[in-house]
Each structure stands twice: as C-alpha cells, then as structure tokens.
Amino acid sequence: MLRYIIRRLLLVAPTVLLAGTLVFFMLRVLPGDVVTAMTSEGGATPETKAKLREELGLNDPIIVQYGRWLAETVQGNLGYSHFQDRYVSETVKDKIETTLTMAVLSMIISLAVAIPAGVISAVKRGSWLDQIIRILTAGGLAIPPFWLGMLIILTASQYFNWAPPVMYRAIYEDPLTNLTQMMFPVFSAGIASAAVISRLTRSMMLETLYQDYIRTARAKGLLEAKVVIKHAIQNAIIPVITMCGYHFSYILGGVVVIENVFNLPGLGRQLIVSVNARDYDMIIGIVLALTIILSIWILITDLVYSFVDPRIRYE
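The opening position of the sequence shown corresponds to residue -19 in the numbering used here, with each subsequent residue numbered one higher.
Careful, some of the hints might be misleading.
Once the Cα atoms are required to be at most 25 Å apart in a straight line, the calculated BS3-like pairs of lysine-lysine come out as [said to hold, decoys possible]: (1) Lys210 / Lys200; (2) Lys206 / Lys104; (3) Lys104 / Lys210; (4) Lys104 / Lys200.
Pair ranges (Cβ atoms, derived) [stated by the list, open to error]: (5) Asn243 / Leu(-2): 31 to 41 Å; (6) Ser107 / Arg(-12): 37 to 47 Å; (7) Lys200 / Asp74: 56 to 66 Å; (8) Gly56 / Phe5: 17 to 27 Å; (9) Ile112 / Ile252: 29 to 39 Å; (10) Lys200 / Ile252: 54 to 64 Å; (11) Val9 / Gly119: 31 to 41 Å; (12) Gly56 / Pro155: 28 to 38 Å; (13) Pro155 / Val(-8): 23 to 33 Å.
Don't read these hints as lab results, they were simulated from the structure.
Glycine included, C-beta positions come from ideal geometry on N, C-alpha and C.
With these hints in hand, go ahead and build the complete structure from the sequences.
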C-alpha cells in the first residue's frame, strides 16, 4: 500500500507540469498581456509599454519564456505577479483555504444526501418516494449552480435580510462563522453533484438488487435491511466512489463561478481577476494548485476502495 501511495504521488509532478504547460501555451494565444492591464488607466506611452514588456521578458520567443517558466517551476517558484505586485505562492497560500473548504464541504454534503437518496429510490422503486427523488435529481441536473446561487442571494436578501459576507472568516479562525458563510455557496456548488451521484447510486443499486447472491441472501431469510446494507450497498458503492473522485473536478470548476457570486476570496475569484488582467504567472499558479488538489483527491478515492471492499489490494 505504501509503495502504491508513493508511486501515485510521484505521478502528480508530471501531471501538474503537463497542465501548466498546456495553460502556458494557451495563454500566449490570447490577445493582450499584463502590461496592457497595468497601463489600462492611461498615461503610459508606447515607449513605456515597450520598455515594460522588455523588462518582463514578454518580447522573448515563446520557447525561451517557457524554458524560463519551467526552470522556475521545477525549483518550486511559481513566479511573480506584476499586476498585484506580490509572489504567486503568497496569493495561492492566502486563498487556497477558502476554495478547498468550499469544495470539500460541497462533496461531503453531496455524498451525505445523494447516497441515502439513491439507495432509498432503488429500494422503493416505483413508489411515490422514488418519483419525488427522481424529480428532485432531474431538477438538480437542470439548474446551473451560478443561477441557483444568484436566486438564493435574491431570496435570502428579500425575505431574510441576508447578504453575502463582506469580510470572510477562515474555518480555523471562527468555525461557526465560516460554516454560516459557506452554507449557501456549498449548497449551490454541490446540488448538481448530489443529483449525479444519487442517480448513479440508484442505477447501481437496482442492478445489484437483482443479482443471484442477493436472491440467495433473501432466500436464507436475512432481514431486508441487512441484505441492502451488508450485501447490496457494499458492491454497488464502488462505481459511486469512482464518480466522486472524478466529479470533484466539476465541483472545483463550479467553485470558480460560485466564489464570484457569493463574494468569497478564493482561488476561483482570483482566477477570473487574473484572466482579465492577463496575469500569466498567477493564472498558471492557480491552475497548478487546483491540479494538485484534484490529483490528491483522486488518490484518496482510490485508497477508499480498499476500505470499502477488502478484496481490493494495491501493490
């Protein structure tokens, strides 16, 4: 198991570098650069802009810029944001807690709601409860998270005098306040994932409940609850765990928008600001951070397999 974990962690580095490389060249295709954003308020002459580009190395060939970026990244240096006048690593360190807290809470809430709902829907197939759950999951798939977030803000401000927080409190500073601030954003970001996981759970449970070993367990006189919990769920949950691993990327993508809707100071909001400013180093630094988070999450879900099903072993 330990060798497997080490091997997977070693694979994170090339994955991160590949993601950074793709983003690096994609950004060079876009019009404009950080100098344009820095001098957008006017007053800068063409000569001044040209001098800035020369100082920042933006006039160098792309392959030279890439080599410089790659050498710094391998050494752990994410670069310097000239638009914000601070190191990228400092900004990522300040804002990653918000994004990570929101994404993890969204996934946890999604699992806590979706798996029981999917199991109940499968066990009570064709009942009114099954119909209600299927309607709710269809609605969860159809509603865009950002639209739901704006609807929540409008409703909460109109009827409950609630507004997105002006000052954010980290979870390690004030857990209760943080959870209060995260409640609506987490719900908005997680509802679509909950719908997908619930439908997959229902599908896998229905397939499992009609297997021969389930019929055998029932024929032996086992209680239905024991058949479902001990035999059906344990075998149906593996594909759901796989979905949770890869669907976390969907939640991270949604966080980028939700953070802007709810005014949360995370990596998602910073990413949009950096894209508008053509802040290359900051954009790549954020993408690298999100890639690392996703890679570690997928590793965790793979390790969960062996706890859910003891037959699975990693060498």
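Verification of the supplied hints:
With a C-alpha separation of about 14 Å, the suggested pairing of Lys210 with Lys200 holds against the 25 Å cut-off. Restraint check for Lys206 and Lys104: the C-alpha separation of about 16 Å stays at or below 25 Å, so the hint holds. The straight-line distance between the Cα atoms of Lys104 and Lys210 is roughly 18 Å, inside the 25 Å bound, and the hint therefore holds. This hinted pair checks out: Lys104 and Lys200 have alpha carbons roughly 22 Å apart, not beyond 25 Å.
At about 33 Å, the CB distance of Asn243 to Leu(-2) agrees with the hint of 31 to 41 Å. Range check, Ser107 to Arg(-12): about 43 Å between beta-carbon atoms, so the 37 to 47 Å window is met. A beta carbon spacing of about 58 Å between Lys200 and Asp74 agrees with the range 56 to 66 Å that was offered as a hint. Between Gly56 and Phe5 the C-beta distance comes to about 22 Å, which sits within the given range of 17 to 27 Å.
Between Ile112 and Ile252 the beta carbons are some 37 Å apart, a value that agrees with the proposed interval 29 to 39 Å. Here the CB-CB span from Lys200 to Ile252 is close to 58 Å, well matched to the stated 54 to 64 Å. A beta carbon spacing of about 38 Å between Val9 and Gly119 agrees with the range 31 to 41 Å that was offered as a hint. Range check, Gly56 to Pro155: about 31 Å between beta-carbon atoms, so the 28 to 38 Å window is met.
For the hinted restraint 23 to 33 Å between Pro155 and Val(-8), the CB-CB distance of approximately 29 Å keeps it satisfied.
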